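Based on these hints, arrange chain B on the given structure of chain A.
Number of protein chains: 2
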Amino acid sequence: MVRLDDDFAARLSGAATAVERALDRVLGSNPREGEIARPVRLVEAMRHATLGGGKRLRAFLAIETARMFDADTEGALRVGAALECLHAYSLVHDDLPAMDDDDLRRGRPTVHRAFDEATAILAGDALQTLAFDILADPATDADPLVRSDLVLGLARASGLGGMAGGQMLDLQAETETPDEVAIRRLQAMKTGALIRFSCEAGALLGRASAEDRARIRRFGEIIGLAFQLADDILDETATTEALGKATGKDSSRGKGTLVGLYGVTPVRAMLDDLVLEAEGVLAPFGDRAETLAAAAQFVAIREV
Amino acid sequence: MVRLDDDFAARLSGAATAVERALDRVLGSNPREGEIARPVRLVEAMRHATLGGGKRLRAFLAIETARMFDADTEGALRVGAALECLHAYSLVHDDLPAMDDDDLRRGRPTVHRAFDEATAILAGDALQTLAFDILADPATDADPLVRSDLVLGLARASGLGGMAGGQMLDLQAETETPDEVAIRRLQAMKTGALIRFSCEAGALLGRASAEDRARIRRFGEIIGLAFQLADDILDETATTEALGKATGKDSSRGKGTLVGLYGVTPVRAMLDDLVLEAEGVLAPFGDRAETLAAAAQFVAIREV
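Chains A and B, in that order, are what the protein sequence lines are. Numbering-wise, the numbering used here puts 169 at position 169 of the first sequence, and it's gapless, one number per residue. Numbering-wise, the numbering used here puts 1126 at position 126 of the second sequence, and it's gapless, one number per residue.
One or more hints might be untrue.
Incomplete in silico selection of chain A near chain B, CB under 10 angstroms [claimed, not checked]: (1) LEU27; (2) GLU35; (3) ILE36; (4) ARG41; (5) LEU96; (6) MET99; (7) ASP116; (8) ALA120; (9) LEU150; (10) GLY153; (11) LEU160; (12) GLN172; (13) GLY192; (14) ALA193; (15) PHE197.
Partner residues aside, some chain B positions facing chain A, computed with beta carbon under 7 angstroms [unchecked claim]: (16) GLY1034; (17) ALA1098; (18) GLY1161; (19) ALA1164; (20) LEU1169.
For the record, the hints were derived by calculation from the structure and aren't laboratory data. Here the structure is a predicted model, which is why all the values come from computation and not from measurement. We treat Cβ as the ideally placed atom computed from N, Cα and C, and that holds for glycine.
Chain A with its partners taken away, still in its complex shape (with noise of 0.2 angstroms):
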């Protein structure tokens, strides 16, 4: 297995200072090209959402994949960024009242919490878009076709048929317990597939050829289910004050979980399998891939 050092930790947080920052220039006061006037409550709300840290996991992903193909560093942040922001509403709408109803996150009061409700909603809308936008602007890749498939790619990944679809079987998993196979489409929905993506537009940005694109689909899907099974045991081990949310939410609701279902110990033997399947996945790529072997490890023992 691959060791986790110092070089990890330095490209995990010079990452996501990098995300920070770009994150921080999309999200200013002023009006882009099409745009009329930005209300500074909505940007305040957006940047109050998105700004502040968090392990950029998504974005981390991207830049990482993007890296290994040689692609454009800039374009790479920008996709991190368009990641986050996407990321991002989707945690303001589920921390709604009438959705999980969470006052905190990251530690810090939800956007429903430090904002308004209204706010919230069109915090989250607005950062919906903004993904969208960023996707879309020429200063992310010269090539449009590579834009509109990366726009395409995300709104797949997200919508109906992606995440949004997962928070609607979420909500529905807290009245009709899941089995593990409607658990793990459930996950592959709501959180898989946006990580997948993730690594996916890294090798879009890469002009990856359709083979080593089909590798990474697959080394994102391992990761994505990785990062939700480390999510399950954290939310029955750890503490609120540890993750800076609530935790062990998810069991008192009934809510289905394969840690629900089989224990903690089980799925971390399955938490294991997947690191090693990763490695497999990923060995064609050889030396080039050492840091997103490393990440798999880092999503599967992570403590927050």
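Leaving out everything else, chain B in the frame of chain A:
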């Protein structure tokens, strides 16, 4: 002035029917490539929000502008469907209890009344995503530059600096009675930007010259403004029964409109001027612009 004849009525209802069919197709229950599965309840809520009528003004403007520039009909219908998805998303979210708290839309229960609040939030979210999905899909236009320009134009018209930003200003207007400049900016963002882009999208599909595009943008601005003024008059004068939604809400909440500021009669005079201005802007296109000129008149004198 152009007279509204049977030919115009036939074009308007023909476009509405064709767009309804296009929406029915994109809102099927089978997942597309890149999607995992489509949850039935979410599909139903999205269909409730988008199907079953409405004037389809935004789609009509895109389709008629595209036709004037001899663009492909199928692509124009898809763009029309995308605009109606985006518009429907904004209505679903605006109707939520935390926003305008409306029970009725087009004479039917709003999505959060017919389903529930969480489903309405997700249906709106997924309708926004679907709009971008449709525009970025190669079925809409073979040229990826046109597709990414459509995505970028829609994002700028509907995000932070457009429609969503306008809704934010509208919420704030409940407490901070705005003056004419502020009302005009609010309306240009909340409803004007998307109507303007609807026209521009048709010009993009039709590969219009930069000069013609600028002309169409101006026409779109005029028609957006006329639409809003007519809406404000209707809010003041029509009944809930005639409109199929609550009326008199803007004035009772103290929201600023030009009707509130100056009364109905001067606003009707502004509308007449706008229709004349629209005809002037369209004059260089000659007879080809006959339907668009009629559309301006229709928007100004509409009774629902």
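How the hints compare with the structure:
Checking LEU27 of chain A against chain B: minimum C-beta separation of about 8 angstroms stays under 10 angstroms; hint holds. Because the beta carbon of GLU35 of chain A sits about 2 angstroms from the nearest beta carbon in chain B, less than 10 angstroms, this interface hint is met. For ILE36 of chain A, the shortest C-beta to C-beta distance to chain B is roughly 5 angstroms, which falls under 10 angstroms, so the interface hint holds. For ARG41 of chain A, the interface hint holds, the least distance from its beta-carbon to any beta-carbon of chain B being 6 angstroms, beneath 10 angstroms.
Interface hint at LEU96 of chain A: satisfied, since its Cβ lies 7 angstroms from the closest Cβ of chain B, which is below the 10 angstroms cut-off. Restraint check, MET99 of chain A versus chain B: the minimum CB separation of about 5 angstroms is within 10 angstroms; hint holds. Hint status for ASP116 of chain A: holds, given a least beta-carbon distance of 8 angstroms to chain B, under 10 angstroms. The closest approach between the C-beta of ALA120 of chain A and any C-beta of chain B is roughly 8 angstroms, which is under the 10 angstroms cut-off, so the hint is satisfied.
Residue-level restraint check for LEU150 of chain A holds (minimum Cβ-Cβ distance to chain B is 8 angstroms; threshold 10 angstroms). The closest approach between the C-beta of GLY153 of chain A and any C-beta of chain B is roughly 7 angstroms, which is under the 10 angstroms cut-off, so the hint is satisfied. Given the 10 angstroms rule on beta carbons, the hint for LEU160 of chain A holds: about 4 angstroms separates it from the nearest Cβ of chain B. Evaluation of the GLN172 of chain A hint against chain B yields a held restraint, the C-beta minimum of about 7 angstroms falling below 10 angstroms.
This hint holds: GLY192 of chain A has a C-beta 8 angstroms from the nearest C-beta of chain B, less than the 10 angstroms allowed. With its C-beta approaching chain B no nearer than about 6 angstroms, ALA193 of chain A sits inside the 10 angstroms limit, and its interface hint holds. This hint holds: PHE197 of chain A has a C-beta 8 angstroms from the nearest C-beta of chain B, less than the 10 angstroms allowed. At its closest, the beta carbon of GLY1034 of chain B sits 3 angstroms from a beta carbon of chain A; the interface hint therefore holds under the 7 angstroms criterion.
Because the closest C-beta pair between ALA1098 of chain B and chain A is about 4 angstroms apart, less than 7 angstroms, the hint holds. Against a cut-off of 7 angstroms between C-beta atoms, the interface hint on GLY1161 of chain B holds, since the closest Cβ of chain A lies about 2 angstroms away. Interface restraint check for ALA1164 of chain B: the shortest CB-CB distance to chain A comes to about 4 angstroms, inside 7 angstroms, so the restraint holds. For LEU1169 of chain B, the suggested interface contact is upheld, since its CB lies about 5 angstroms from the closest CB of chain A, less than 7 angstroms.
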